[in-house]
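Asks: Read top to bottom, the protein sequences are chains A and B.
All residue numbers for the first sequence refer to my numbering, where the first residue is 1 and numbers rise by one.
All residue numbers for the second sequence refer to my numbering, where the first residue is 1001 and numbers rise by one.
Calculated directly from the structure, the hints in this document are not laboratory data.
Certain hints may be false.
As the list claims (entries may be wrong) - With a Cα cut of at most 35 Å, we get these calculated DSBU-like pairs of lysine-lysine:
1) B:K1143 - A:K140
2) A:K140 - B:K1072
3) B:K1072 - A:K53
4) B:K1072 - A:K45
5) A:K45 - B:K1003
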Amino acid sequence: MTSLSYAAPTSVDDAVKLLAGSAGLAKVLSGGTDLLVQMRSGRLKPELIVDTKKIPGIIGIREENGAFIIGAGTPGAVVEAHAGLNAAWPGLVEALDLIGSTQVQGRCSLAGNLCNASPAADSVPALFAAGATAIIVGSKGRREVPVEQIPTGPGRTSLAKDEFILEFKLPVRPARSSDAYLRFIPRTEMDIAVVGCGISVTLDANGVCTAARVSLGAVAPTVLLVQEAADVLIGHTLDADTLAKLDAVAQAACKPITDKRGTIEYRTKIAGVLARRVAAIAFDRANGIKNGKAH
Amino acid sequence: MAKTYVSATINGESAEFLCETQQTLLDVLRDVIGLTGSKEGCGSGDCGACSVIVDDRLVCSCLMLGVEAEGKSITTIEGIANGDTLHPIQQKFLEYAALQCGFCTPGLIVATKALLDENPNPTETEARYWLAGNLCRCTGYDKVIRAVMDVAADMRGETVA
Chain A
1 MTSLSYAAPT
11 SVDDAVKLLA
21 GSAGLAKVLS
31 GGTDLLVQMR
41 SGRLKPELIV
51 DTKKIPGIIG
61 IREENGAFII
71 GAGTPGAVVE
81 AHAGLNAAWP
91 GLVEALDLIG
101 STQVQGRCSL
111 AGNLCNASPA
121 ADSVPALFAA
131 GATAIIVGSK
141 GRREVPVEQI
151 PTGPGRTSLA
161 KDEFILEFKL
171 PVRPARSSDA
181 YLRFIPRTEM
191 DIAVVGCGIS
201 VTLDANGVCT
211 AARVSLGAVA
221 PTVLLVQEAA
231 DVLIGHTLDA
241 DTLAKLDAVA
251 QAACKPITDK
261 RGTIEYRTKI
271 AGVLARRVAA
281 IAFDRANGIK
291 NGKAH
Chain B
1001 MAKTYVSATI
1011 NGESAEFLCE
1021 TQQTLLDVLR
1031 DVIGLTGSKE
1041 GCGSGDCGAC
1051 SVIVDDRLVC
1061 SCLMLGVEAE
1071 GKSITTIEGI
1081 ANGDTLHPIQ
1091 QKFLEYAALQ
1101 CGFCTPGLIV
1111 ATKALLDENP
1121 NPTETEARYW
1131 LAGNLCRCTG
1141 YDKVIRAVMD
1151 VAADMRGETV
1161 A
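Input sequences plus hints: build the corresponding full structure.
Replies: Have a look at this one:
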């Protein structure tokens, strides 16, 4: 058995050097709720674990010029307790809140959920819909990347070996904007999405959509950002015709597989139904109608 | 194999131990320190039998490395009672027979402690969702939930008819 090393650097530079200098597989550790399971099952055999939680700023939430910055390793429970994020981004908060149990919430992070790159990750469609960007650090410096450019396939990302996410930036929220996330599972808690859907919208004073982003999870090798679905919302109120078009384009975007959680046909149908429901919740919220948790 | 020196606080007392990177906090608690109250059910964060409180946050000790405990304050099931006097949560689980085989009980009691520390007046729905990550194959959960709701009322100083 090869020995497994552990390091908990206290600066970005030190962490990057450790990742770049590792001969074998090096893994970044945030909450570890996926990494430890994969190590235990033997699926991953890293030589080095770089625990990034001691890097200043990687845990915590702050506001900069009206935009929220969420540290990459911030536990779900911390995000869910943040009043400002709940008000501005209820869809992102409810998506993160769906990951695992209370115990998992104490550790799981947005960066971990994104970089684990499961197509069924709950917080990722909401992050895509939000138009979030990731601040990535590495040997070549910092770069800011739209989150939808990070997952490239199941378990794969566009990050280089010596790179990791330091924080996420959410865009400044115009008035009459909101978001929502729903996932379908055959029970109420502690399960993996059959389909997930996140939608973020901005409306004008007449309830007409002026900006939209629609994302679907668990219906393709990566979470999808569905531009065609945003296009049918923009310029319209959420009337029956718009809902029917949204349903159709959401279904058309699906490229799912059949597995124990659902068949291709079932997932495709559910994607249309979820898109309708999520749009209704997001529009209500943007119109100032409080409707509590979407799930 | 190189071991890492870790210094933490466990159940209010300072603790020092050596551990290998791949050892989970649960491995350390059970096999290095000898606190065997926390149980390993699944080892993958699904069952909650290994629940502990780390710096006021409920976590699965099977999903945390022992080396990550450096500088942390950890409460395990062994730290819940006050000497020989059971904690009211433990007493209420006994009164309600909220256990049968007992394997999930340490995790459920630690998770209930964390719930009532954060929310002394949970609704039944809130309690059920909070404890959704603690699996029990004996009780069907109803007795557990009754015990939790009753002890919450007791600890708030209310009496339940």
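Asks: Now look at each hint and say whether the structure bears it out.
Replies: Now for the hints, and whether the structure bears them out:
{"no.": "1", "hint": "B:K1143 - A:K140", "result": "58 Å, violated"}
{"no.": "2", "hint": "A:K140 - B:K1072", "result": "34 Å, holds"}
{"no.": "3", "hint": "B:K1072 - A:K53", "result": "13 Å, holds"}
{"no.": "4", "hint": "B:K1072 - A:K45", "result": "27 Å, holds"}
{"no.": "5", "hint": "A:K45 - B:K1003", "result": "18 Å, holds"}
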